[in-house]
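A.B. asks: Residue numbers (our numbering), protein chains in the order written: chain Y, 837 to 1065; chain H, 286 to 544; chain B, 293 to 522.
No lab work stands behind these hints: they were computed from the structure. Among these hints, one or two may not hold up.
To be verified - Facing chain B, from chain Y, some residues (calculated, C-beta under 8 angstroms):
1. Val891
2. Val895
3. Val899
4. Lys1054
Don't be surprised by glycine CBs; every beta carbon is placed ideally from N, CA and C.
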Amino acid sequence: MLHGYLPNILDGATVTLTVALASLAIAVILGLAGAAMKLSASRVARSVATVYTTVIRGVPDLVLMLLIFYGGQLAINELAPRLGYAGYVDINPFVAGVLTISFIFGAYLTETFRGAIMAIPAGQREAGIAYGMSQWQVFARIIFPQMVRFALPGFTNNWLVLVKSTALVSVIGLSDMMSRAGHAAGATREPFTFYLTVAALYLLITGVSNLLLGMLQKRYALGVRTASL
Amino acid sequence: MKKMQFLIPALLCILLPALTAHAQDGRKIRLGVEGAYPPFSSIGPDGKLKGFDIDIANALCEQMKAQCTMVQQEFDGMIPSLQAKKIDAVVASMSITEERKKVVDFTDKYYRTPARFVAKKNSGLKIDPAGLKGKRIGVQRTTIHDRFATDVFKESEIVRYAKQNDVFLDLAAGRLDGAILDWIAASEGFLKSPAGQDFSFQGPIYVDFNYFGVGAGIAVRKGDTALKEDFNAAIKAIRANGTYKKLQDKYFTFDVFGN
Amino acid sequence: MLNLEVMSGSLPLYAAGTLVTLKLLAGSLLAGLALALPLSIARASPRAWLSRPVWLFTYVFRGTPLLVQLFLIYYGLAQFAWMRDSIVWPWFSSAWFCCLLAFALNTCAYTTEMLAGAIAATNHGELEAARAMGMSPVTLYRRILLPSALRRALPAYSNEVIMMLHGTSLASIVTLMDITGAARDVNSRFYLPFEAFITAAAFYLALTFILVSLFHLAERRWLVHLAPRT
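Take the sequences, apply the hints, and build the full model.
C.D. replies: Have a look at this one:
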């Protein structure tokens, strides 16, 4: 099957998935933090968040990845001795890949969450505060459930783009399924076969994601009417 | 919402321990290898690295009683990785040239083979700067062949690829008029394969020291003399005790060390 | 700190690369949008035989990475002898054509979904009114649906354009000398990854800024009715 490379490529697929899920977890945290900063009253917070989202969304993933991978390592090499680390702190390709992708998609999720929160009528929050709810209660019981409905389409999109951007991590040396397919293609001179396999695997991941997130969307959108042609 | 602003610093505190710290002592060496340059370095169906470079690296490490980990990299990322301390040495058929010596140190050579031009059998091309004017020549990015082609074949279109295999793919597809690369990599990696049947070596054998150096060596960081000398001693040792010849015979029917 | 000499000396290379990037961007966006208009109408149609095939197309092209699509078109197709012997080979043998094709198909898939969603989001009251007034389907699309759908899709489309700008950086992986290609070249000549990629980032940021400003102007002209009231 595929000249014996299939187990190797499937193994690469688990690497790809692990990177994607780990990055998503961190990116969601960064996204919520970023949205909070962008909506906050503090000008400093807003500026920092704006610089973050503008730079990340203005530079291609490939360029950022190369920059963070090499530049990040150099920066850590400079900083670590000053912070008291005697030895050498290594960023292995997995950590580098996850940090890069979560850093990038934290910015996109910031915009998604911000748009979603802004779509909730201001009266909702005011009513919550009028009832004497704390900031956290307002967020957890009023803002967040409604935000999910508005954020889901954008979130689905961000997740799908994230999964696909893991393909670029092969460039910084992570042995994911894209890089393994490349080696197999080079060794067997059959690029079509192997890239088609990788495409099928990506379709599987995105298909399942679409299904699950679609069910969530329906669940959260009960009662909302769309146009019928 | 303000509580969120503490999340990022908190996150960093959680993540930093995940970045492993290495001790500088103890013999742990990280070697940068390419894995896409047969017969020197390639990846089999089982996902394992194999090839002459890999075997030599393992033999040297055994000789030095060191624990070596192979870190796979793209060739054009080798020297930046070395400088960024991601790897301690490069064992990727990297030729020793004056230009590279400005940024890294090299051990003695561990093999030497010349470069050739590869093109379709009846191309009728005259292999000199004038004859190749306007033609597309494929090379692997940042190699000595890249430098050579860029400087000498000024009127030709030099097309650069990250992997040598990609050059072969485009050469076979007819997107390139020719390619300049290492003799052995060409014959073992391409000409002997079904795709390379219609291709052959053309033009002279390139041995210009300025571009092609004295051979392939192991690159280490500038000033890392200790590691360099250890590698040199190991190279001499495996040459002397027959290990080198055993590995050489596994891949080649002739002497690759060159003199 | 940063080697400014190398950075300034390599500016012509980056400028040439910017031209390549812009050509790729414009070409793929135009082709993609032109194809997306009819496809989005089919996709939003209640008739399954129209919308299903389009759904399959967008599903495949949005579900796989652009890099894989590019590799399949550029390296994958060249593997087959029948492709190399065919009349379309002169086109497919060129990296430019392969990149434009891959990028155009990719952006078309996203734009189709975007426009279809915008069409579906048309206020159902408007549709009822239009039908009550006796508009034919063609007039309905021409006067009511498409103008409002295109306007509604404008913010999302601006995102898509920026995404495509980023996507063009993949052209450097298949031998084209765009901005990223210039950066890789500088990096490989001087072993200065920081300088090389920061310069590239600066160029992309400038382009993004220009594009975002253009879209702001467009939104001010066409989306005034949805702007927040001051």
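A.B. asks: So, for every hint listed, does it hold in this structure?
C.D. replies: Checked hints:
1. At a threshold of 8 angstroms, the smallest CB-CB gap from Val891 (chain Y) to chain B is about 7 angstroms, leaving the interface hint in force.
2. A cut of 8 angstroms between beta carbons decides the hint on Val895 (chain Y): the least distance to chain B is about 4 angstroms, and the hint holds.
3. Taking 8 angstroms as the C-beta contact cut-off toward chain B, the hint placing Val899 (chain Y) at the interface holds, the least distance being around 5 angstroms.
4. For Lys1054 (chain Y), the interface hint is violated, since its Cβ never comes within 8 angstroms of a Cβ in chain B; the closest pair sits about 15 angstroms apart.
When held up to the earlier numbered hints, the structure conflicts with hint 4 and nothing else.
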